[in-house]
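With the hints as constraints, model all of the structure from the sequences given.
Residue numbers (my numbering), protein chains in the order written: chain X, 1 to 478; chain C, 1 to 478; chain F, 1 to 478; chain Z, 1 to 478.
Simulated from the structure, these hints should not be mistaken for lab results.
Which copy? The list can't say, so a pair holds if one copy fits it or any two copies do.
Derived DSSO-like pairs: lysine-lysine, alpha-carbon spacing no greater than 27 Å straight-line:
#  : residue 1 : residue 2
1  : Lys377    : Lys28
2  : Lys365    : Lys53
3  : Lys455    : Lys37
4  : Lys337    : Lys466
5  : Lys337    : Lys478
6  : Lys416    : Lys364
7  : Lys478    : Lys241
8  : Lys339    : Lys478
9  : Lys117    : Lys478
10 : Lys377    : Lys455
11 : Lys241    : Lys466
12 : Lys466    : Lys455
13 : Lys416    : Lys94
14 : Lys467    : Lys337
15 : Lys467    : Lys28
Listed below, chain by chain, are the residues.
There are 4 protein chains.
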Amino acid sequence: MTRVIALAALLLSLSPVGAAAQETDTEKAAARDVMRKMAELEQSLDVPGLVAKLTGPNAARDAVVARARALLETELLAMADDIATHPEIGFVEKRSVEKLTAYLRQHDFEVEMGVAKLPTAFVAKYHGSSGAPNLGIIVEYDALRGTSGPFHGDQHSAQGPVGLAVAVAISEFLAKSHTAGSVTVFGTPGEEMMPPNAKTDMHLAHAFDGMDVIVRSHSSAQTSRPAPGFGTCCMNIDGVKYTFAGAPAHQLTSWNGRNALEAVIHLFNNIDAVRSSIRPEARVQGVITEGGAAPNVTPDRTAADFYIRYPDEVYLAQVTEFVDNAARAAALATGTKVKIDHYGKDRDGISEAALAELAFAYMKKFGATNVQPQPGKPQGFEETGSVSRDIPGIGVSAQSSSAPNHTYEMDADNLKEIGHRGFTVDAQTMTAILFDFATDASYRGAVRREFDGLKALFGEYLAALKKTYTVPAVGDPK
Amino acid sequence: MTRVIALAALLLSLSPVGAAAQETDTEKAAARDVMRKMAELEQSLDVPGLVAKLTGPNAARDAVVARARALLETELLAMADDIATHPEIGFVEKRSVEKLTAYLRQHDFEVEMGVAKLPTAFVAKYHGSSGAPNLGIIVEYDALRGTSGPFHGDQHSAQGPVGLAVAVAISEFLAKSHTAGSVTVFGTPGEEMMPPNAKTDMHLAHAFDGMDVIVRSHSSAQTSRPAPGFGTCCMNIDGVKYTFAGAPAHQLTSWNGRNALEAVIHLFNNIDAVRSSIRPEARVQGVITEGGAAPNVTPDRTAADFYIRYPDEVYLAQVTEFVDNAARAAALATGTKVKIDHYGKDRDGISEAALAELAFAYMKKFGATNVQPQPGKPQGFEETGSVSRDIPGIGVSAQSSSAPNHTYEMDADNLKEIGHRGFTVDAQTMTAILFDFATDASYRGAVRREFDGLKALFGEYLAALKKTYTVPAVGDPK
Amino acid sequence: MTRVIALAALLLSLSPVGAAAQETDTEKAAARDVMRKMAELEQSLDVPGLVAKLTGPNAARDAVVARARALLETELLAMADDIATHPEIGFVEKRSVEKLTAYLRQHDFEVEMGVAKLPTAFVAKYHGSSGAPNLGIIVEYDALRGTSGPFHGDQHSAQGPVGLAVAVAISEFLAKSHTAGSVTVFGTPGEEMMPPNAKTDMHLAHAFDGMDVIVRSHSSAQTSRPAPGFGTCCMNIDGVKYTFAGAPAHQLTSWNGRNALEAVIHLFNNIDAVRSSIRPEARVQGVITEGGAAPNVTPDRTAADFYIRYPDEVYLAQVTEFVDNAARAAALATGTKVKIDHYGKDRDGISEAALAELAFAYMKKFGATNVQPQPGKPQGFEETGSVSRDIPGIGVSAQSSSAPNHTYEMDADNLKEIGHRGFTVDAQTMTAILFDFATDASYRGAVRREFDGLKALFGEYLAALKKTYTVPAVGDPK
Amino acid sequence: MTRVIALAALLLSLSPVGAAAQETDTEKAAARDVMRKMAELEQSLDVPGLVAKLTGPNAARDAVVARARALLETELLAMADDIATHPEIGFVEKRSVEKLTAYLRQHDFEVEMGVAKLPTAFVAKYHGSSGAPNLGIIVEYDALRGTSGPFHGDQHSAQGPVGLAVAVAISEFLAKSHTAGSVTVFGTPGEEMMPPNAKTDMHLAHAFDGMDVIVRSHSSAQTSRPAPGFGTCCMNIDGVKYTFAGAPAHQLTSWNGRNALEAVIHLFNNIDAVRSSIRPEARVQGVITEGGAAPNVTPDRTAADFYIRYPDEVYLAQVTEFVDNAARAAALATGTKVKIDHYGKDRDGISEAALAELAFAYMKKFGATNVQPQPGKPQGFEETGSVSRDIPGIGVSAQSSSAPNHTYEMDADNLKEIGHRGFTVDAQTMTAILFDFATDASYRGAVRREFDGLKALFGEYLAALKKTYTVPAVGDPK
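Rendered as structure tokens:
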């Protein structure tokens with residue numbers, strides 16, 4: 001019974017993870033104060049009241065929503081079917097992009113191709129609109145890589161047509177009604193393939209600058225919305241590639257070479273060596289993408305690709321430094337050289353109740369199915385977390401399939417009623433949100449206040465984590 | 001936003017750990033049904049009512065308790081001080097055991113030394129008592145190994161004198177009052193040093209057979225009691241030693257040898273290789289106890305010592321098999337041989353509310369300080385979990401120090417008022433419990449019913465875990 | 001000065017390697033008796049006398065040799081140029097084989113394609129010849145894999161035309177002169193690519209059965225011949241592929257998987273662990289040919305390819321067992337499975353002075369350049385060592401390039417005078433040897449006696465090595 | 001037969017090691033010019049002529065030699081027996097040193113203790129002698145560590161008495177005959193235990209400065225002498241200790257620690273990773289001297305001890321850098337720190353024929369047994385190579401046992417006739433050499449010329465090796 005004292009430490013380390021974004025006890029402890037302030041912020045906004053007011057009867061809104069629906073039913077669901085049956089993988093979605101941009105040009109959008117040096121990225125601005133608020137719509141179109149070719153098992157095929165219906169309907173409304181506001185469609189390629197993170201690259205190239213709100217859709221087997229706050233579905237991620245260079249030599253005189261395969265092997269060994277010195281919530285996984293050419297020649301070039309994950313970005317930086325040091329150590333020990341390429345990252349995004357709860361109410365109003373009553377984890381409207389930290393927005397997800405994402409079954413649902421109905425609900429919801437945002441200044445103000453508040457709290461949270469995750473002190477060996 | 005589906009799986013894997021013994025989601029899920037039945041069992045026993053009745057006024061009990069207190073104050077606190085100032089480490093506690101057994105013999109106890117082949121283990125039975133219930137008292141006496149010699153920083157020095165006061169007082173009472181019942185004192189050495197687990201060895205040697213209840217005391221910085229159920233403070237543990245034999249050779253002709261140091265090194269490497277294929281709650285830690293003799297000779301003998309921990313014993317078996325296979329693989333790869341010695345284990349024990357809540361009430365009644373209102377995690381009355389699975393009992397822990405366990409400060413408190421007061425409260429509480437147990441058949445029945453119920457539920461829990469922890473299927477490589 | 005005694009052991013282990021096939025001291029010691037007997041055998045044959053007699057004036061021989069030369073100059077050097085400029089890599093040499101076999105059919109050879117299930121292997125027998133001696137001619141035709149496509153940097157392009165000139169000239173002679181004897185041409189594909197070892201596979205399929213002698217040519221930057229005995233240029237080799245199967249899992253729940261990448265990594269680690277327990281002449285080198293698919297999925301399939309080399313095949317077996325055990329241990333430690341595929345091997349071949357010295361004398365007679373006066377290491381007439389252990393033969397190598405093998409410069413020399421001249425010398429030499437072998441029974445007898453003697457001594461040598469390479473005894477760990 | 005070209009490279013790498021100090025082909029190639037010059041140098045000295053002249057009849061010499069023998073027979077063999085039966089291990093040879101220095105003081109030597117901060121090192125100078133030449137005598141006295149205590153299995157027990165007999169006899173002669181010259185006895189402790197290298201430390205402390213020649217004896221199972229040149233028995237050696245510091249943590253929260261055991265394990269792994277990138281003659285072997293304290297605490301301190309060997313010191317520096325980098329990489333990867341302690345080294349020494357051949361002739365003259373006709377490998381008169389590079393000298397080794405060094409049988413021979421006779425031959429030989437050196441200026445000149453010539457050639461050799469051992473160029477990874 002000598003271990004009673006250890007109990008407290010153990011419980012602290014293993015005790016409950018909140019329903020919030022904080023997945024570990026350490027994060028929860030660090031976030032306690034922030035969570036309290038966040039609850040106060042949310043209470044001060046009276047989102048339920050806002051939502052009740054906005055979703056009440058409104059003929060003007062209903063007309064714009066009906067227009068979006070009509071565009072889908074007459075033209076754009078057919079385009080979605082067409083893209084679904086001509087799948088193209090990330091960064092080579094040429095045919096899909098041509099379909100989408102041709103339609104946008106026909107409807108008075110000016111299209112800029114090759115944004116951020118990505119050939120299949122585009123930004124399309126409506127000619128007739130002007131001034132703030134700046135309304136953004138993100139659309140994706142890349143297919144998944146399947147064992148028997150590309151397929152649209154994540155239904156990105158419909159995102160473009162859905163977004164186009166919203167963009168055209170709301171643009172026409174703004175122009176016709178002389179309501180202030182500009183509409184921009186962002187074509188973001190290759191979501192399924194980092195590197196590069198297309199949205200992050202486009203954001204760094206200032207493509208999204210000036211947007212006041214951004215909406216988008218995404219396929220789902222259920223109708224849901226995120227809780228307000230900051231978070232991500234599947235941990236913060238660093239994508240890193242390590243390339244080693246050695247010196248070749250014939251096997252018979254291997255001492256004349258430097259072995260890059262030993263280097264990449266020891267990258268993995270070095271990571272394994274510190275797994276028990278890293279918090280257990282970390283997930284570090286890699287593959288060897290180049291493992292040497294011929295068995296009778298000392299390999300002089302090898303490479304590995306890693307996804308490094310941790311629930312928060314602060315400790316993730318420590319984990320990634322461990323992995324980078326593992327690579328540097330492998331090079332040092334083997335007499336090789338290493339190039340470290342931090343090629344991509346996913347981070348916590350920010351989600352706002354003012355947008356999420358309105359979207360949720362509209363989805364239900366427009367007939368969404370398999371509705372999840374409880375909000376999910378906070379998460380931004382795009383997977384990189386880079387854009388959603390700077391610009392408020394909402395990813396709309398009405399049920400559009402009875403199958404999980406990334407399946408052949410979800411691909412099949414692209415062409416079925418369940419798909420078409422979900423796409424239509426998404427388009428109606430996005431249109432209604434943008435209508436409210438463009439026409440109701442107090443709603444815009446609420447969205448802004450919530451976003452600014454959450455962003456500040458996110459900063460406080462990160463600062464608290466930084467204080468928490470101290471690095472153990474190592475003295476000099478004697 | 002492609003990872004929405006993964007959310008459910010992730011939340012399942014990382015979601016809250018209960019306040020109960022189940023530390024992981026998997027365990028919680030497996031235990032759900034068992035927890036419900038356990039709540040029903042506890043409710044059916046009406047422990048609060050039992051405790052209220054027993055702790056009410058009772059002159060006979062008060063007299064026996066006063067006798068125990070008097071023994072301490074006149075003789076046995078002095079003996080505790082003496083043992084505290086003559087510390088002896090585990091399995092060589094000769095002087096301490098002589099003091100204790102001499103006292104027991106003086107008070108009509110018959111002492112058997114060397115139980116279970118442990119020279120400093122003993123079992124002492126009171127001559128005058130007879131028949132059931134069989135009342136057991138466990139006492140420890142080994143000191144900690146400090147950098148400047150042994151010291152009693154866990155206050156085992158007082159356990160003997162406290163237990164002797166209880167044993168003598170209750171024995172005298174039974175004899176004098178012709179109450180049925182037998183008293184046995186168990187001297188259990190070397191608690192701080194496995195291997196061997198002395199109590200497990202003694203239990204396997206049938207030393208505790210026939211006991212109806214066992215009490216013991218332990219030092220603490222707070223007054224607390226465990227919740228009912230099954231659990232342990234710090235995970236289930238396997239202690240394993242791996243010894244490798246190779247063939248020696250001079251460094252200059254190392255191919256004539258087989259390197260046992262490489263073998264033990266690869267034991268660690270092999271474990272690291274599967275850390276990410278083992279559930280993250282596992283804790284596997286080892287040291288190299290023999291790492292080779294001379295740098296110019298191929299090491300032909302090495303050894304490592306491991307503690308392997310997991311929250312439950314079912315998955316622990318899988319983890320330990322990974323480690324054993326790591327050793328077998330290391331031997332296979334290096335052409336050496338390995339001996340695997342599973343030298344010790346700690347397992348979940350069983351704790352009963354009928355004993356724990358009565359102890360808690362008495363401790364408060366007798367003036368215990370720093371009282372923790374909430375019960376702690378379930379855990380048996382001894383650290384191996386072996387005895388407490390078979391025999392009901394309670395470890396009594398009134399505050400006896402202001403410092404954490406295993407400190408020089410707690411050692412100092414051995415001789416201070418805070419220590420003496422805590423030891424006295426422990427002795428009074430243990431005496432009162434045994435008095436109640438010996439004199440109140442309905443209380444004995446309640447303890448028994450609770451124990452049998454918990455033991456059955458523990459079996460159900462383990463069976464549920466066995467169904468849960470399936471091993472991934474690995475197909476044949478093609 | 002304590003290390004004086006170690007001196008003897010050290011000198012033994014590091015002392016001189018002979019100019020003979022025995023590359024290590026251990027081999028030299030084991031071969032001492034065999035070498036003495038071999039010297040006696042060679043002396044008994046009086047090869048210089050034989051060579052002097054055979055290379056003296058002989059009009060019949062000169063006519064056959066002139067015919068071979070004429071065939072080259074009128075047709076076959078052009079075919080060599082054509083094949084050189086239409087390079088095809090191993091096992092898909094369709095066009096080259098069509099050219100060769102068409103020519104053979106035109107000259108009364110019956111061609112069997114697809115020998116040993118190798119589509120581009122063939123055996124062509126001359127219609128008109130009959131009876132013993134059976135004269136074999138091996139020809140190769142596969143090109144090297146270059147970074148910018150296949151190329152004939154090893155001049156296999158000329159082997160076919162050279163061999164055809166010899167085959168046609170000697171066949172015509174046998175038929176015309178009614179000399180007993182049969183001529184067979186063996187088309188052996190893919191020499192540069194094991195697996196499979198085409199010649200070994202053909203030999204196991206009994207393609208070479210019954211041959212009394214085999215000749216072939218090979219490009220070289222010098223004119224040389226091997227010493228008599230047994231050996232190989234570049235150690236005995238085992239080619240082995242290791243394929244690991246695990247179980248896939250998402251990175252986030254990696255404990256549901258078994259990691260095949262860790263397995264293949266530990267294959268390498270396990271090999272490195274025993275490098276210092278293996279004799280230093282061993283060369284073990286591998287590459288990872290499959291290193292996992294995606295960084296966010298536990299790799300469930302990986303593979304590695306190894307060349308394992310040692311100067312002799314007896315200790316090589318121990319080395320290969322170390323590597324196989326490394327793979328088995330990697331699978332055991334990681335919970336994966338491994339498939340071990342011993343896909344190819346090169347072994348010591350046998351070379352005879354009676355053939356080599358005669359070839360050497362003829363090459364000089366026919367104008368070969370860059371002549372190396374000393375014989376090289378013993379080695380068989382083909383690289384696998386499988387055929388040359390069973391059938392006497394000679395690989396003829398007159399200088400045909402000024403550049404090293406496997407270079408673009410040697411490829412260029414295919415079309416130049418240095419190439420054409422070397423090919424012609426090779427063809428003349430091979431023709432003359434077969435003429436002598438067919439027409440001179442005493443020479444045939446000498447070749448046979450030498451071969452039988454060497455083969456028996458090779459067996460004695462291997463038996464001696466088996467006694468030498470004992471495995472260190474490893475006792476049970478205590 | 002594609003590998004013909006590789007033959008040359010292979011033969012170069014594996015071909016014969018000379019009987020000289022150059023053990024590898026690379027060294028032999030680098031030494032070719034130096035070897036030629038060395039042969040010229042030796043020829044110019046006419047050592048056989050010198051030896052014939054000196055070993056001729058000489059009554060004065062015979063008298064001194066007889067005095068040395070008498071001292072042994074009357075007193076000093078008894079002292080050798082006494083020391084042999086009171087063995088003391090290195091650096092604590094107090095009793096042995098007291099016996100030796102007491103005797104020296106009795107014979108008019110002034111003794112300085114604690115030279116180079118080594119308590120059992122001493123320098124003893126004869127009072128009566130003066131001026132050049134300065135004659136040095138080295139004596140050792142440490143015993144071996146046996147499994148059942150210290151023992152004199154290397155007969156260092158006799159070195160002191162033998163050296164004392166020489167020192168006293170020659171001192172008395174110089175004084176009595178008024179011959180110029182000074183005698184110094186160097187007591188060098190702990191030869192069997194580096195660190196420290198006592199002789200190197202004493203040399204760095206200038207203890208040997210000014211000596212013109214140094215003699216010493218050593219036990220042996222044969223009578224032999226080294227060839228002239230530079231070399232060492234068992235490769236050049238670096239002794240290095242690596243100590244790692246991490247941060248401790250409880251096993252349950254291991255992420256709060258940094259694991260020094262993983263660091264030392266990866267030191268070994270990193271070395272294994274480059275074994276195939278290091279020339280195969282290297283021998284790198286280590287042991288883990290500290291492998292962690294308790295299995296439930298992250299080890300925060302570990303250590304390893306290595307002997308790193310290569311036939312020459314130039315490439316050895318590259319090997320040692322590999323090992324040092326392995327340690328640095330292990331620290332980098334594990335977040336620990338490492339201390340690298342290059343605690344000792346053995347290097348090629350210089351041996352002179354003028355001394356060795358004279359010693360050999362005298363040993364035979366004085367009745368040495370088991371005489372080896374061929375000179376052994378060049379090597380200095382002490383094992384570190386540090387003193388013998390700066391000062392000419394000779395280690396005299398007449399057979400003194402029938403058993404190998406470092407055996408209990410050799411210890412037993414200490415007390416037998418074979419031991420006593422060998423010690424006597426050593427003492428007579430050393431006395432005769434010093435007599436010749438002191439009395440024959442032309443001999444002194446020859447020794448000096450040879451030494452200076454060899455030292456210059458050694459420098460040339462090292463310079464040639466430096467040019468040979470280039471490090472492979474590793475380009476930047478792309």
